[in-house]
Structure formats: C-alpha cells, structure tokens
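Enquirer: Listed below, chain by chain, are the residues.
2 protein chains.
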Amino acid sequence: MTYRLYYWTGIQGRGEFVRLALEDADADYVDVAREDGDDAIQPFLDGDRDGPRPFAPPFLVAGDRVVAQVANILHFLGPRLDLVPEGEAARLQALQLQLTIADLVTEIHDSHHPIASAAYYEDQQDAAKRRAADLRAHRLPKFLGYFEQIVARGDGHALGVHSYVDLSLFQILRGLDYAYPKAMATLSPRLPALRALDARVAGRPNIAAYLGSTRRLAFNAQGIFRHYPELDGDTGG
Amino acid sequence: MTYRLYYWTGIQGRGEFVRLALEDADADYVDVAREDGDDAIQPFLDGDRDGPRPFAPPFLVAGDRVVAQVANILHFLGPRLDLVPEGEAARLQALQLQLTIADLVTEIHDSHHPIASAAYYEDQQDAAKRRAADLRAHRLPKFLGYFEQIVARGDGHALGVHSYVDLSLFQILRGLDYAYPKAMATLSPRLPALRALDARVAGRPNIAAYLGSTRRLAFNAQGIFRHYPELDGDTGG
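Chains as they are written, first to last, in the numbering used here: chain A, 1 to 237; chain B, 1 to 237.
Possibly wrong hints are sitting among the right ones.
Since copy identity is lost for identical chains, a pair holds within one copy or between any two.
In the SDA-like style, the derived pairs of lysine to any residue whose C-alpha atoms are separated by at most 20 angstroms in a straight line are [to be verified]: (1) Lys129 - Tyr29; (2) Lys129 - Ala118; (3) Lys182 - His227; (4) Lys182 - Trp8; (5) Lys142 - Ala118; (6) Lys142 - Pro43; (7) Lys129 - His113; (8) Lys129 - Arg139; (9) Lys142 - Glu35; (10) Lys142 - Gly47; (11) Lys129 - Ala116; (12) Lys129 - Ser117; (13) Lys129 - Asp28; (14) Lys142 - Asp48; (15) Lys142 - Thr106; (16) Lys142 - Ala33; (17) Lys142 - Ala56; (18) Lys142 - Ser117; (19) Lys142 - Ala119; (20) Lys182 - Tyr228; (21) Lys129 - Val30; (22) Lys142 - Leu45; (23) Lys142 - Gln42.
Calculated from the structure, these hints are not laboratory results. On a predicted model such as this, the values are computed, not experimentally measured, just so you know.
Make the full structure from the sequences, and use the hints.
Expert: Below, the structure is given as structure tokens:
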C-alpha cells in the first residue's frame with residue numbers, strides 16, 4: 001500500500017502529525033503536494049473526487065479510501081502501522097488523547113490568530129497578546145500538566161507502549177519550544193516525563209533520520225507554531 | 001448496560017451531542033451530575049478514578065470503561081446504539097464528519113470567547129465582535145455549505161442513512177438559530193437539505209419526546225451557543 005498524503009507545501013502544519021507516523025513506521029508514502037503542487041489538493045476540497053469529501057487538509061488517500069482529520073487519519077493508520085496497541089479500549093484511549101492534542105493545537109494556533117485565521121497577524125496582534133498571555137499562564141500548564149501525568153503513569157508512554165500519540169506529543173513539545181521558548185523554559189522543569197518522551201522519540205532511528213532530512217521543514221512564521229517574541233511575554237504581553 | 005454520562009449541570013454544552021444520541025436510541029443512561037451534582041465530575045478530572053483520565057467533560061462511563069471527547073464517545077456509542085452504518089469505512093467517515101462538527105463547535109464557542117474561555121464575555125466583547133463578524137461572513141457559510149453538500153448527496157442524511165452525525169447537525173442548526181438568528185435567516189435559504197434534516201430529526205419520536213421534556217434544557221447565556229445581539233450584526237459588528 002502506497003499512502004498518498006495531501007497537505008499544503010511550505011509548512012509542517014497539521015500534516016506533520018501524520019508525517020511523523022508514516023516516517024516512524026517507514027511507511028511507503030507520497031507527500032503529494034510537495035511533488036505536484038498545492039493545486040492537487042483543491043479537487044478533493046471541491047467535492048470533485050470520489051469518497052468522503054474532506055473539509056480541509058490534511059487528508060490521506062489509501063486505495064479507494066479518503067480519510068481526513070488528523071485524529072481520524074491516525075486512528076485509521078494506527079493498527080496498519082503498528083502504532084497503537086491492539087483492542088478497542090486502547091484504540092479509543094489513543095483517539096481520546098489525540099483529540100485532546102487536537103484541541104491544544106487549535107488553542108496554540110489561535111494564540112496568534114484569535115480573530116480570523118484568514119486575516120493577517122498584524123491586524124489582530126493586540127488580541128493575540130491577550131490570548132497568548134492566557135495560553136502561557138493557564139492553558140499550557142493545564143494541558144501539559146495533564147499529559148505529563150498521563151505519560152508518567154504510562155512509564156514514559158501515553159499508552160504504556162510507543163504509539164502515534166507519543167509522536168504527536170513530541171511534535172507539540174518541539175513546536176512549543178520554537179514558538180514559546182520563554183514559557184517552555186519555565187514549564188519544562190515540571191514536565192520530566194514529557195521531556196524524557198521528547199528525547200526518546202527524537203532518538204528513534206527513523207525519526208532521527210527524518211529530522212535530519214530535507215523532508216522535515218523548519219518551523220516558520222506561516223505554520224501553527226509561530227515565534228513572535230511579543231506573544232512569549234517579551235513585551236509584558 | 002446503563003451508561004453514566006458526566007457533564008456540567010445548567011447547560012446543554014458539549015454534553016448535548018451525547019445526550020441526543022442516547023435519547024434517540026432510548027438508551028438506559030444516567031445524567032450523573034444532574035442527579036448527584038457537579039462534584040461527581042471532579043475525581044475523574046483529578047485522575048483519582050481508574051481508567052483513562054478525561055481532560056474535560058463530557059465523559060461516559062460504561063462498565064469499567066471511561067470514554068471522553070464527544071467524537072470519541074459517539075464513535076464508541078455508534079455501533080452499540082445502532083447509530084452508525086456497519087463497517088470501518090462508514091465509521092471513519094462518521095468520525096471525520098463529527099470531528100469537523102467539533103471544529104465548528106469550537107469556532108462558535110470562541111466567537112463569544114476569543115481571548116480566554118475562563119474570562120467574562122464583557123471583558124473580551126470588542127474582540128468577540130470582530131471574531132463573530134468573521135464567523136458570520138466566512139466560517140458559517142463555509143462549514144454549513146460543506147455540510148449542505150454532504151447531506152444533499154446523502155439523500156437527506158450525512159451518511160446516507162440516519163446516524164449520530166445527523167443528530168449533531170440538528171443540534172448545530174438549533175444552536176445557531178438561537179445564537180445567530182439574523183445570520184441564519186440569511187443563510188438558511190441556501191441550506192435546504194440541512195433544513196429538511198432538522199425537521200426530520202425533530203420529528204423522530206424519541207427526539208420529539210426529549211425536546212418536550214424537562215431533560216432538554218433551554219439554550220442560555222452560559223453555554224456554547226449564546227445569543228448576544230451585538231454579535232449577530234445588530235450593532236454593525
């Protein structure tokens with residue numbers, strides 16, 4: 001099976017959570033838009049292709065299946081890539097955690113775009129400063145504290161063994177380190193289990209190879225995780 | 001099996017998407033906090049109970065299972081309540097649509113709380129006016145236009161036959177009619193399939209009985225769907 005991943009070029013974005021699973025499992029996949037351009041995405045969004053119409057990228061084409069929404073894609077891939085424990089209870093637990101990660105991703109995105117995702121950051125910067133201050137003071141400690149307890153209880157893993165959830169938590173930590181370095185420097189001492197997970201995932205051979213490859217784009221000012229010093233408390237946000 | 005639903009008292013909130021499925025299927029369930037008070041929820045959030053710790057309500061206890069996140073709960077309940085077609089492809093399609101509904105729910109919530117969910121509306125009203133204007137002008141037409149096409153192609157159903165997704169779309173429509181009556185009056189003529197779904201779901205005997213019962217709380221100014229006339233364009237938002 002060759003998986004075809006559709007996601008915008010130029011950013012890691014939400015596609016990265018899927019990419020990390022495909023890379024960790026050494027799956028056979030094509031990152032379609034990076035080969036054929038972003039125009040390859042639109043016919044699916046317009047409903048001009050067979051299968052369930054995706055609302056937005058990323059989506060994955062697997063044979064005649066079209067699977068959209070990150071958590072749904074990972075729920076689909078988990079058993080196929082051996083990235084989730086067997087059985088309904090474990091799969092539901094993985095999905096539950098991934099959905100909470102998705103909620104956190106949205107809150108991180110909205111910290112720089114609290115008014116309109118299609119508008120410029122500069123046009124919503126004042127609101128962003130307020131939302132980012134709340135993210136740093138309340139939401140990040142709450143979410144990361146929750147995942148810290150989950151991983152500590154799971155002996156260094158969200159589900160007791162390695163899974164796609166660990167890969168997504170790794171991405172959250174790397175993204176937050178980039179976007180909110182000051183806030184994360186303050187929070188990290190209270191997150192020893194998550195920090196150990198971060199190091200463990202980065203050391204997995206396929207992930208290490210991926211991170212050193214040109215396929216891993218750098219974080220930048222167009223993605224979910226953006227570094228604006230004024231949002232990280234540098235101007236008293 | 002008696003299901004035990006945990007959700008805050010006093011509002012429909014995200015719990016309502018689960019309630020509608022349980023009611024439609026005439027399932028045996030207890031709305032725990034309404035019987036025992038909101039204090040019944042906290043031990044689960046604190047990680048003091050067995051099973052996967054929920055990040056937030058709603059969560060469902062089914063025997064020794066604890067299932068959190070609305071889309072995950074409905075994915076779990078779907079086959080048990082005969083509210084999703086059989087087979088992995090249909091179940092994934094239902095989950096994908098439910099996750100897109102969850103994204104819309106978050107955007108609707110954030111239209112009145114764009115800065116901090118724990119802060120007062122009055123302290124973020126200016127930002128809310130801007131975000132609500134974007135919701136009305138861009139996001140609602142995009143989301144509802146998407147679901148309109150899905151339901152039109154599904155012969156009046158999101159999945160071709162009645163499912164939990166239809167129940168959630170019904171709730172979205174009722175909530176938006178309450179919160180954004182002017183915007184919905186403008187949009188509705190372009191949503192004939194969704195409006196027919198709305199009427200069909202409301203006419204299902206168990207749903208009709210539920211809507212007429214005291215178990216169905218009224219929409220109010222504490223829930224996800226809130227009616228603030230200034231956010232619906234009454235003051236030029």
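Enquirer: Work down the list of hints and note, for each, if the structure agrees.
Expert: Tested hints:
no. : hint            : in the structure
1   : Lys129 - Tyr29  : neither (39 angstroms within a copy, 44 angstroms between copies)
2   : Lys129 - Ala118 : both (18 angstroms within a copy, 16 angstroms between copies)
3   : Lys182 - His227 : within (11 angstroms within a copy, 38 angstroms between copies)
4   : Lys182 - Trp8   : neither (29 angstroms within a copy, 35 angstroms between copies)
5   : Lys142 - Ala118 : between (28 angstroms within a copy, 13 angstroms between copies)
6   : Lys142 - Pro43  : between (40 angstroms within a copy, 16 angstroms between copies)
7   : Lys129 - His113 : both (10 angstroms within a copy, 15 angstroms between copies)
8   : Lys129 - Arg139 : within (14 angstroms within a copy, 23 angstroms between copies)
9   : Lys142 - Glu35  : neither (39 angstroms within a copy, 28 angstroms between copies)
10  : Lys142 - Gly47  : between (39 angstroms within a copy, 13 angstroms between copies)
11  : Lys129 - Ala116 : both (15 angstroms within a copy, 11 angstroms between copies)
12  : Lys129 - Ser117 : both (15 angstroms within a copy, 15 angstroms between copies)
13  : Lys129 - Asp28  : neither (42 angstroms within a copy, 47 angstroms between copies)
14  : Lys142 - Asp48  : between (42 angstroms within a copy, 17 angstroms between copies)
15  : Lys142 - Thr106 : both (15 angstroms within a copy, 18 angstroms between copies)
16  : Lys142 - Ala33  : neither (36 angstroms within a copy, 23 angstroms between copies)
17  : Lys142 - Ala56  : between (28 angstroms within a copy, 11 angstroms between copies)
18  : Lys142 - Ser117 : between (24 angstroms within a copy, 13 angstroms between copies)
19  : Lys142 - Ala119 : between (28 angstroms within a copy, 16 angstroms between copies)
20  : Lys182 - Tyr228 : within (11 angstroms within a copy, 37 angstroms between copies)
21  : Lys129 - Val30  : neither (38 angstroms within a copy, 42 angstroms between copies)
22  : Lys142 - Leu45  : between (35 angstroms within a copy, 11 angstroms between copies)
23  : Lys142 - Gln42  : between (37 angstroms within a copy, 15 angstroms between copies)
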